[in-house]
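K.L.:
For this one, chain A is given, so just place chain B on it according to the hints.
Going line by line, the protein sequences match chains A and B.
For the first sequence, my numbering assigns the number 1 to the initial residue and increments by one for each residue that follows.
For the second sequence, my numbering assigns the number 1001 to the initial residue and increments by one for each residue that follows.
If you're looking for bench data, these hints aren't it; they were derived computationally from the structure.
For clarity, every value in this text was computed on a predicted model and none was experimentally measured.
Restricting the straight-line Cα-Cα distance to at most 27 Å, the calculated cross-link-like pairs of lysine-lysine (DSS-like) are: (1) A:Lys-135 with B:Lys-1413; (2) A:Lys-135 with B:Lys-1405; (3) B:Lys-1267 with B:Lys-1241; (4) A:Lys-134 with B:Lys-1405.
If you anchor each label on the Cβ, the simulated ranges turn out as follows: (5) B:Ser-1121 with A:Ser-147: 55 to 61 Å; (6) A:Arg-140 with B:Asn-1353: 32 to 38 Å; (7) A:Glu-126 with B:Asn-1353: 50 to 56 Å; (8) A:Thr-116 with B:Pro-1156: 45 to 51 Å; (9) B:Glu-1303 with A:Glu-136: 22 to 28 Å; (10) B:Glu-1303 with A:Asp-209: 47 to 53 Å; (11) B:Glu-1104 with A:Ser-139: 37 to 43 Å; (12) A:Glu-118 with B:Ser-1343: 36 to 42 Å; (13) A:Arg-140 with B:Glu-1355: 34 to 40 Å; (14) A:Asn-36 with B:Tyr-1349: 40 to 46 Å; (15) B:Phe-1122 with A:Glu-118: 52 to 58 Å.
Even glycine gets a Cβ: it sits at the ideal position worked out from N, Cα and C.
Below are the chains, spelled out letter by letter.
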Amino acid sequence: MLEIKNLVVSKEGKNLLQGLNLTVLPGEIHAIMGPNGAGKSTLAKAISGDPSYQITGGEVLWKGESLSELEPEERAHRGLFMGFQYPLEIPGITNIQFLSAASNAKRKFLGLPPLTEEEFAGLLEEKMNLCQMKKEFISRNLNEGFSGGEKKKNEILQMTVLDPDLAVLDETDSGLDIDAMKVVAQGVNRFLSEDKAVLLITHYQRLLDYIEPDFVHVLINGRIVHSGGKELALDLETRGYDWLTTKVSV
Amino acid sequence: MTTAGLTFFQELFLVNQTGETGFLREKSREKFLSIGLPNKKNEAFQYFPALRFAEYCEKGEKIIPSGTAKQTDSFLFSETMQSCFVFLDGTFEEKLSCLENLPEKIVALPLDKALKGSYASFLRHRLTTLLEEENDPLALLNGALFGEGLFIYVPPKLKVETPLQFLFLNGDGPVFHSAPRIHILVGGGAEIQIVSRSEGRGISNAFIDVAVEEGAVVSHTDYSESEEEDFGFTSFRASLKKESFLHSLAYHPASRCRRVDYKIFLKGERGHAEIFGLGSLSDTRHLHTSVHMEHAAPSCRSEQLFKSVLSGQSRASFTGKIYVKRVAQKTEAYQLSRSLLLSEGPISYTKPNLEIFADDVKASHGATISRPDLMQKFYLQSRGLSSTEASSLLTRGFCAEILEKISLESLKKKALRECSFVFDKRDEKE
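Bound conformation, chain A alone:
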């Protein structure tokens, strides 16, 4: 599904990822952990096509197709989704206007007719119930004035509506209280199936109490330096990253 080979990514001339390798197959949950500045968010942004990051080496293959030449929207149409660490506020555009436009853009790519306003409103209401979002958020401007938790729930709502094949969730747990985290985790678990996958980027082990990863990778200095099963997250919780940083230095 997603194959990353020797990926080098730079921003403003500085290499932030330096030869990263990762393979994600359908049905898998991968967690990427690592200290601040290790390159975790860079990985998410490079996959989703943030224009301020340049792929200067290696490649990212999505279902066998190279992503480097694709625009962000083309990646979205092909089934990629990134949950933002800091979802942006867009004044003047309501949640429903935005989601309807995004949903119909994907349907157009898939050769499906656009949903009517009524059809989409019905779909959205159902998905909002699943994400435990109040009805009022339908007509509120996109993320404007939302609390941290509401923004993250809204990211999960977008994921649920757009129904991607791979969701890259960049620190979706940051700033969430326990209840909100449970809602987010339920959303992710509901999304998962044998033909879908999740790449979870997180600082903390606690999200993994609710979403059980198949693989945990540690990213340090732009490379995956260690991989393991879900027990690695618990190990990191106890030992921190120092022992791996030392290992990398050696």
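P.N.:
Chain B only, in chain A's frame:
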């Protein structure tokens, strides 16, 4: 004083100087001639295409009228089909107006006639005060050259549910500078909604004055979508008494060169004025906004928000002043101007000003000029919207804050609908 372009007007000054409004015309003409046509030395016209205007005026007589018979119906809103005052080439035409829905209690009179009747004392005093305060050359030009003006009186406590429209049509006759003029007195506790709209070729130079009595509520929309109009000017004057409220919004999506000049005086305690404006400019279009918001009584509140979206080689300017007199303690006054530049060519100038003589005041002024935010754009693209769709949606979002405030429901719907269309087309072009 530059004389370029003045010849055209000097010939017009010779006509129609008599009648009850003669004093207004004469004084306005004198004052106008001492100031001259708009020029760059006048701060309020620093960014106005003064030379283009002067050259246009010089050629004024040579322009052939379009001769298009105007069907007023197409310029009415669904809410104002039976409550529209029509001005043809600047002159109020009762016969062309559709006033079936006008409440009986509303008084609507030609200005000359009103100056002879029971409103004469109020009107004379009002006109004299306005003249003394007036220093805007275009407003003075209107005072010197207006055709048949209109006076409207809304009796106290009358809540007028039907919006009133003032339609300024140009182009059927050989008049290229039309100067419609309206004075409105809104009685204590009364409520009224008005919309002014200009259509046609040449220069439309309107003057609208509203005296808002205690506790009265006035909502005003200034609109034009004419692509033929070469220069469109609106001078809006309002004085607000105690606990009255004014909402005024200017929306000009297609004018070639539009200037809106506000002078608002908060003269009674707890008066509240909010004014908004939106311009969407492409090609070589201009939009210039000038605001003087004067707080002359305690505990008043004013808000200003003006936005423009620019592409092509368009130009916009905002020159605004909040003036707080010493007596106006506990004032709250806010002013913000924001421009969104969609390409390399356009220029937006902005000059917000605060002048405060009271010491217990909450006030702010600010300005932003920016391009569409790249991170916001990426966010939308990452959800599947194309670059064009994302830009269009962001621009629409930028405009929506103002469009949502349009009080005339049919115009609001139309504006929100057309806003996205215009920007879609523009993005594709650039």
